[in-house]
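Student: Okay, here's what each chain looks like letter by letter:
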Amino acid sequence: MESIIAYGIALLAAPLFPGFILKVKAFFAGKKGPPLLIKYYTVLKLFRKGSVYSTSTSFVFRMGPTVSFVTAAMALLFVPIAGASPVLSFHGDVIVLFYLFGLGRFFTVIAALDTASPFEGMGAAREVYFATLAEATTFSILVIFFRLNGALSFGEFFAGTNPITVWGGAGALLLLVIVSLFMVLLTENSRVPVDDPATHLELTMIHEVMILDHSGPDLALIELGAFFKLLFYAAFITCIVQPLQFTSPWLHALLFFGIMGLIYVAVGITESITARLKMNLVPKFILTSFALVFFAAILTTRVVS
Amino acid sequence: MIHLTDVILSITILSVLLTLGSNRLMALVKIIALQGVLVSLTPLFMEHHDKLTGGILFLTPITVAIKGLVIPAFLFFAVKKASIRREIEPIISYHASLFAGLAMILVSAFIVDRLPLNLPGSHALLLITGITTLAAGLLLMMGRRKGITQVIGYLMLENGIYLIGTALAREVHTLHVLEFGILLDLLAGVMIMGIILTNINRAFDDMDTSLLMRLKD
Amino acid sequence: MLEHVFLLPFLIGVIVMFLPAQYGRAGLIIAAALHLGLTLMGWMGKLSPVTTGYFSTAPEGMLVLLVTSFIFMLIAIYTLSYLRETELRNEPVFIGCMLLFLATMSMVALADHIIVLWVAIEATTLVSAPLILLSHSKAALEATWKYVMICSVGIALALLGSFFIVLSMDLGGVRVPLTFTSLNTVAKSLDPVWLKAGFIFVMIGYGTKMGLAPMHTWLPDAHSQAPSPASALLSGVLLNCAFLGVYKVHTLMVNAGLGSYSSNVLMGFGLLSMFIAGVFIRNQHDYKRMLGYSSIENMGIIAFGIGVGGLASYGAMLHLIHHSLIKSSLFLSAGNIMLAYGTKLVNKVGKMPSFLPKTFGVFFAGFVGISGFPPFGMFLSEVLIIIGAFRAGHYWGIGFFIFCLILIFAAASRLVMRMCFGDTEETIQVEENLMRVAPSFLLLLTSIVLCVWMPAALYDTIQNAIAMIGGAFNG
Amino acid sequence: MDTYLFSLVVILVGGILPLFTYKKFTVMKAACVIITAIGSFTGLYAALSFLIHPVENAVISWPWLHHFEIALQMDAMAAFFLIPIFFICPLATLYSFHYMHHEKQSGKTAISYFFSAVLFVSMALLTTANNMLTFALAWEIMSLSSFFLVVFDFRNKETRKAGYLYFIFAQAGALFLFAAFAVIYSQTGTLSFDSISAMPENMKLIAFVLAFMGLGSKAGVFPLHIWLPHAHPAAPSPVSAVMSGVMIKMGIFGIIRFYMLLAPAGEIYGQIILVAGMISGILGVVYALGVHDIKRLLAYSSVENIGIILLGLGLGMLGVATGNSTMAAFGFAGGLLHVFNHSIFKSLLFMGAGSVIHKAGTGKINELGGLMKTMPVTGKTFLVGAVSISGLPPFNGFVSEFLIYYGAFYGLAHGSSFLLPMLTIISLAVIGGLAASCFTKLVGVAFLGEPRTENAAKASECGIAMRISMVVLALSCIVVGVFPEPFVHIVFRVVSGLPIAATVSPTVFIDLVRNISLVAVLFLGILGITMLLRKGLYSGKPMAKGPTWGCGFTQPTVRMQYTGTSYAMSIVGFFRPFIHSENVYSGIQKIFPGKTTYKTKVSDRAESAILETVVKPVFWVLDKLRWIQHGEIQLYIAYIVLAIVILLLAQ
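Protein chains in written order, with my numbering: chain A, 1 to 305; chain B, 1 to 217; chain C, 1 to 475; chain D, 1 to 651.
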């Protein structure tokens with residue numbers, strides 16, 4: 001029950017955090033910025049609207065947003081949010097989890113291609129390219145976790161006798177992991193320096209350009225899916241860095257969401273202080289993250305033995 | 001008797017050298033006729049065959065007739081019909097052929113010396129002559145362009161084999177068989193070769209084997 | 001009296017040369033049928049040679065005789081139809097020589113006496129030369145000339161070799177008839193040095209006739225220039241006869257305890273032949289030459305198999321049979337193709353499935369067979385040779401063997417596919433007919449049947465034949 | 001066993017019958033389809049009933065040519081591989097009912113039915129072969145019959161080239177296989193399978209490597225795959241479906257069979273297979289991204305999937321060698337299940353490709369587009385196939401990849417040799433990502449958007465027989481993906497033949513698989529609910545239709561759509577050293593540029609490497625040797641003399 005409540009809270013809170021990013025960015029720009037709850041307003045506004053569909057599209061275009069929303073929502077089922085055990089957990093669930101994201105991406109991409117727009121095709125091509133590289137990093141991280149902890153489940157990573165935490169014996173290693181995980185977060189969620197959601201030039205976009213033709217509730221589903229995904233990665237990092245285990249679930253949750261908020265702030269700071277990378281440098285950026293974890297994975301030999 | 005054998009063999013070797021050095025086809029035919037007669041007569045003078053059996057007496061005249069008469073005559077007419085007189089541009093030049101002939105004599109002497117056989121003196125010489133003739137025949141076939149010269153080379157090859165056979169024969173039965181075989185070979189083989197040569201001559205207006213180089217690869 | 005098996009065709013052959021052509025054709029079929037009948041009776045043991053000092057029913061000989069007889073029968077049928085479409089200058093001579101050819105080859109198969117064997121092999125050259133000569137093209141003349149010259153030289157050397165074997169007998173103080181049967185019993189006491197020398201000369205001599213590289217040079221010329229029935233005989237049957245000569249001497253060497261030497265020589269020649277065939281099949285422009293080179297390859301395989309011994313020698317014997325069947329079939333199909341397109345050039349032949357559907361089927365099936373695919377028997381023989389060679393530890397040899405097989409297959413399949421499926425501007429001059437397709441089809445069918453079911457008599461004969469060189473299963 | 005043999009006879013009859021009835025085109029096809037279906041279902045029943053109730057000593061043998069034996073044996077492995085054969089083959093035959101529609105080619109069609117039947121039977125015989133000779137025989141017949149099927153359309157030059165390449169690889173592979181048999185025979189002295197494991201270890205390795213070369217060239221392992229991208233596009237689609245779906249798995253079957261028979265001890269076997277798997281997997285899919293012919297792409301994707309299967313098997317072998325039972329069991333199980341899965345979705349995709357080519361007249365994806373609207377059934381089933389082959393849940397491809405992942409993770413636990421399992425995991429992840437990009441490209445460019453050419457616009461849905469086959473296969477993808485338990489059960493029954501794998505408790509994987517099933521059901525459930533909600537949100541709201549927003553561009557044309565080439569270019573470029581792409585760009589000139597072109601062509605590195613480093617030098621040497629036969633008789637006689645002299649001297 002506790003898990004389901006935590007899951008519900010996470011789902012509900014997901015649109016809140018991107019507001020932090022906007023606030024931070026506005027702060028750096030010396031502006032006041034939109035209200036924190038701006039994303040809720042956007043989603044609700046979109047839900048009330050109708051849609052325009054291109055004559056080029058087929059049912060795939062309509063399915064895309066739904067599938068990406070469902071996969072992102074399902075991924076959160078496996079995450080131990082705020083110390084509560086995950087709603088669903090079994091040995092091997094991490095693999096299922098990342099493949100669910102893959103499924104969501106698959107449909108987003110073909111929905112983009114369905115519009116017959118050259119810009120959306122361009123975005124789709126970039127999306128699959130960078131995601132493939134990021135997947136290598138992600139699975140290398142799983143390798144490290146399995147080596148450290150022997151578990152293959154999101155819940156078990158952070159529980160049991162040998163939890164994965166940056167405060168433990170393998171902390172130095174995990175710092176590398178966190179850095180690269182953060183880079184993956186930026187990549188997977190189309191943040192600066194990989195992608196700039198706020199740009200106004202379609203040619204330079206990745207994720208945003210793919211959803212140009214979506215409107216109304218469909219667009220809302222996409223947005224929600226994106227929030228969930230970002231929350232997922234933030235929660236992932238939070239689980240690793242959470243320093244204390246409080247007995248009180250409320251206190252624990254508070255700390256958890258606090259740290260998560262900080263991660264969002266970090267994203268905001270990154271977005272504010274770095275420039276967007278040139279498109280051909282993005283693979284190098286992702287490969288850097290891969291190199292970090294690969295190095296860390298090799299180092300596990302010493303830690304484990 | 002022994003003397004006579006040596007004389008015959010010396011003449012045979014001489015004829016071999018002559019064939020290697022000669023460029024006139026008619027002369028070649030004549031030499032080969034002489035060589036044929038000499039070679040056919042050798043068995044009569046070998047000490048192993050002093051018991052002149054009926055077989056020898058019967059076969060020798062035939063051999064002489066074929067080698068000295070029938071085949072040379074056949075070749076004679078072939079040369080005449082083809083109206084070619086001499087071999088031009090041999091693949092292996094006459095001087096080189098002659099030197100090779102001399103070298104062959106040395107090598108065959110060396111080989112005979114090394115063979116694990118105890119041959120009586122004249123037999124050794126016979127063997128040397130035989131090997132030389134055989135090798136010279138092969139050389140002629142390899143080194144000349146005219147078809148007719150190659151046939152002559154083939155005849156010398158057979159002569160050489162015949163001589164080697166005579167030299168090494170321990171038992172009489174061996175020789176008969178050998179002679180029979182060689183005769184058959186020569187008669188039929190040379191006839192066929194002659195027929196083909198005539199045909200070639202008719203088709204190409206020459207008997208030069210350098211014309212016969214279409215079929216390759 | 002089993003000697004009838006060569007006397008009869010000889011007689012009929014001589015007679016038909018002087019008769020008008022239509023009698024000759026009848027004579028051809030009758031002689032072929034009689035020959036087959038006599039051969040079968042010989043197989044059933046109802047006939048045996050009278051002149052035992054010269055002829056015998058050695059198992060390998062009987063094997064070759066049966067193959068000869070069977071293939072000749074089918075080729076004779078083909079020839080009837082073939083002659084209707086071609087103009088030979090002297091048909092009676094052609095038919096007569098075919099029969100004489102049959103006679104001499106049968107003689108080779110039965111020969112037991114060293115010199116008789118030699119005489120018979122020499123005679124095959126002489127009677128087969130007119131078969132090639134009769135097309136009377138310049139190329140045919142050239143081919144005949146090379147055939148006769150080179151084979152004569154080879155055979156002359158074989159005579160010398162035979163003589164050395166006799167000498168080894170004399171030096172060894174052995175007094176037995178000059179037959180392989182009796183020599184094999186006393187082989188141990190033959191003088192080894194001269195036996196070896198004899199083997200070398202005989203090997204080179206009969207190897208020339210068998211088409212082993214580097215003495216093979218006449219073979220592609222002769223096989224490509226002869227009229228197709230004659231090519232089929234030359235390739236499918238004559239090569240076996242020459243092989244018989246090599247095999248008999250090899251047997252003698254094995255019995256004399258010099259088997260390892262002769263085996264190595266055979267394997268060397270075998271591999272060299274395969275390689276040379278590979279060199280020339282690639283980019284070959286003339287499909288009959290291609291088939292000729294393929295015969296060289298297959299003779300190489302047989303020589304290699306015999307050289308390896310053991311299981312491989314059984315494979316080699318099977319290969320002999322199946323190669324004869326399939327290669328004659330291929331040459332007969334090639335004859336049809338040549339009649340139809342009027343050319344021997346690979347590049348001018350094409351669109352066979354629509355132009356010559358039946359010939360296409362048989363020709364391609366033949367190619368499949370010669371490449372060693374089931375259900376044709378060469379599959380089994382090649383597998384057995386490979387297995388046998390590994391068993392005997394010839395790793396490098398078999399590696400090279402496999403390399404050559406791949407090379408040849410790649411080269412030949414390119415040509416065959418070009419011929420079958422490529423485009424052509426030629427039109428068909430002579431339509432195919434059943435009489436000319438059925439024999440090649442039957443030959444292939446026989447190969448398939450023998451791969452499914454082999455009569456016990458045949459199996460035993462092969463076993464007996466290879467038993468003499470110590471070949472056996474699990475060897 | 002009798003049922004099984006009976007089914008083979010029935011299939012064979014179904015193949016022979018058309019040869020006599022080809023004058024009545026439709027009757028012939030219908031009869032062939034029905035008889036093949038009857039035979040196959042009988043066979044399927046036999047295989048399944050064996051798996052459920054195994055019979056001891058299901059052996060049958062006939063003496064052959066006095067000394068040899070044709071021996072068949074049904075065991076779990078054979079029965080498992082029989083399932084795809086008897087499942088895919090009748091569907092392919094059914095598919096061909098409408099695919100082979102030229103009545104003029106009736107005779108040719110009959111012949112192709114005959115060879116198909118021979119192919120099916122030979123594959124079945126291969127799986128049950130119980131000695132080396134039977135194996136070799138079935139192998140060769142399989143190669144030969146499939147060759148004839150490949151050259152069905154022999155008028156086409158490309159087809160002939162493909163057939164030629166395939167023929168060479170088939171024969172060369174067979175010879176390597178025979179060499180492996182020969183090595184085994186040289187040690188055991190028998191052709192039977194029984195005593196193979198008693199060989200010395202070093203000989204086992206030689207035999208295994210030789211067999212792997214032979215079997216791998218059939219399976220399409222990376223540098224030996226060259227024939228595959230030529231042969232599959234050339235063959236008619238039902239044939240490519242069978243070849244890619246089933247036949248190349250026979251190579252995999254051979255590898256497993258020989259591995260189990262050899263029962264070797266070293267880790268090297270697993271290492272070889274793993275490395276081969278990684279190379280095939282990654283490069284296969286990269287090449288698939290680089291090519292833009294639908295069937296060629298699918299062929300390269302087969303190379304990729306063979307790579308995945310090998311990763312599974314390699315883990316299994318490594319697990320056996322290191323005593324890691326979980327890795328062994330899951331590796332083998334994943335590999336085997338992927339064999340089954342791949343046979344389903346690859347056949348499905350080839351059939352979809354076939355109906356596209358059939359109706360749109362081209363297989364170049366850059367000339368297609370928008371087919372989802374005109375060919376809805378083909379499009380939807382193809383989409384299912386594409387998601388499955390990308391290994392995404394809730395479809396079947398995911399289940400097998402999951403098992404392999406699981407095995408690989410357990411391989412990490414083992415101290416020293418964790419590098420290979422780790423690389424396996426990373427490769428699998430990269431392969432998964434690339435496969436997804438590859439198939440989004442295929443689906444997106446060929447089926448979605450606007451048609452790029454007239455032909456593509458005019459395409460219509462294919463015949464009912466073709467649709468039925470595709471729908472059945474698509475449903476199978478979903479069924480296996482959502483309810484994998486029985487299938488995984490079967491796979492583990494096969495794997496339990498390994499002594500080490502038997503130590504893994506069945507509850508472990510049953511639990512796992514149930515969880516996957518749960519996730520799949522949950523996903524479908526949530527998806528359904530969300531779709532209903534979405535419908536609710538849209539009810540009564542304005543739904544406008546209009547052109548795609550062109551970002552301000554006023555005159556969009558269909559030619560502006562992203563093509564497959566541009567879609568894949570950057571990823572292909574990333575793998576530049578391993579993949580060679582030629583770009584031809586005419587450039588932009590003048591202030592108002594005229595027409596300009598950009599072309600890119602990806603050529604196979606393995607193909608060019610083998611051509612450059614092996615074929616050309618060999619041919620160069622061979623060409624140099626051609627002077628040997630240069631027509632001069634004098635030289636010929638010299639050869640004889642030379643031979644004599646050499647032999648005399650060497651004595």
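Where hints are given, some of them may not hold.
Below, a sample of chain D positions facing chain B; criterion: calculated Cβ distance under 7 Å [stated by the list, open to error]: (1) 629; (2) 630; (3) 631; (4) 634; (5) 637; (6) 638; (7) 641; (8) 642.
Not close to chain B: a few residues of chain C, all C-beta gaps over 10 Å, as computed [unchecked claim]: (9) 48; (10) 57; (11) 129; (12) 133; (13) 136; (14) 139; (15) 146; (16) 155; (17) 156; (18) 160; (19) 167; (20) 193; (21) 264; (22) 402; (23) 413; (24) 431.
Rather than coming from a laboratory, the hints here were simulated on the basis of the structure.
Here the structure is a predicted model, which is why all the values come from computation and not from measurement.
Just so it is clear, CB atoms sit at the ideal spot from N, CA and C, and this is done for glycine as well.
Student: Each hint needs a verdict: does it hold in this structure or not?
Tutor: Here is how each hint holds up against the structure:
Nearest Cβ of chain B to the Cβ of residue 629 of chain D: about 6 Å, under the 7 Å cut. The hint holds. Hint status for residue 630 of chain D: holds, given a least beta-carbon distance of 5 Å to chain B, under 7 Å. Checking residue 631 of chain D against chain B: minimum C-beta separation of about 3 Å stays under 7 Å; hint holds. Interface restraint check for residue 634 of chain D: the shortest CB-CB distance to chain B comes to about 5 Å, inside 7 Å, so the restraint holds.
Here the hint on residue 637 of chain D is kept, as its CB sits about 5 Å from the closest CB of chain B, short of 7 Å. Below 7 Å, beta-carbon pairs count as interface contacts, and residue 638 of chain D has one with chain B at about 5 Å; its hint therefore holds. The interface hint given for residue 641 of chain D holds, since its Cβ lies 5 Å from the closest Cβ of chain B, which is under the 7 Å cut-off. Given the 7 Å rule on beta carbons, the hint for residue 642 of chain D is violated: about 10 Å separates it from the nearest Cβ of chain B.
Non-interface call for residue 48 of chain C relative to chain B: holds, since the shortest CB-CB distance, roughly 24 Å, exceeds 10 Å. Distance to chain B confirms residue 57 of chain C as a non-interface residue, since its nearest Cβ pair spans about 22 Å, more than 10 Å. The beta carbon of residue 129 of chain C sits about 5 Å from the closest Cβ of chain B, which is not more than 10 Å, so the claim that it is off the interface is violated. Against chain B, the non-interface label of residue 133 of chain C is violated: not every CB pair exceeds 10 Å, the least being about 7 Å.
Remark: the non-interface label on residue 136 of chain C conflicts with the geometry, its nearest Cβ contact in chain B lying 8 Å away (cut-off 10 Å). Non-interface status of residue 139 of chain C relative to chain B is broken: a Cβ of that chain comes within 10 Å, the nearest being about 6 Å off. A cut-off of 10 Å between C-beta atoms contradicts the statement that residue 146 of chain C is not in contact with chain B; the least separation is 7 Å. For residue 155 of chain C, the condition that its CB be more than 10 Å from all CB atoms of chain B is violated, with the nearest at approximately 7 Å.
With a cut of 10 Å on Cβ distances, residue 156 of chain C falls inside the contact zone with chain B, its closest approach being about 5 Å. Residue-level check failed: residue 160 of chain C sits 5 Å from the nearest beta carbon of chain B, not beyond 10 Å. The non-interface label for residue 167 of chain C is inconsistent with chain B: the shortest C-beta to C-beta separation is roughly 5 Å, within 10 Å. A beta-carbon of chain B is positioned within 10 Å of the beta-carbon of residue 193 of chain C; the least distance is around 6 Å.
Listed as a non-interface residue, residue 264 of chain C keeps its Cβ farther than 10 Å from every Cβ of chain B; the least gap is roughly 22 Å. No beta-carbon of chain B comes within 10 Å of the beta-carbon of residue 402 of chain C; the shortest separation is about 25 Å. Non-interface status of residue 413 of chain C relative to chain B is upheld: no Cβ of that chain comes within 10 Å, the nearest being about 19 Å off. At the 10 Å boundary, the C-beta of residue 431 of chain C stays outside the reach of chain B, the nearest C-beta of that chain being 30 Å off.
Of the numbered hints stated above, those contradicted by the structure are hints 8, 11, 12, 13, 14, 15, 16, 17, 18, 19 and 20, listed in ascending order.
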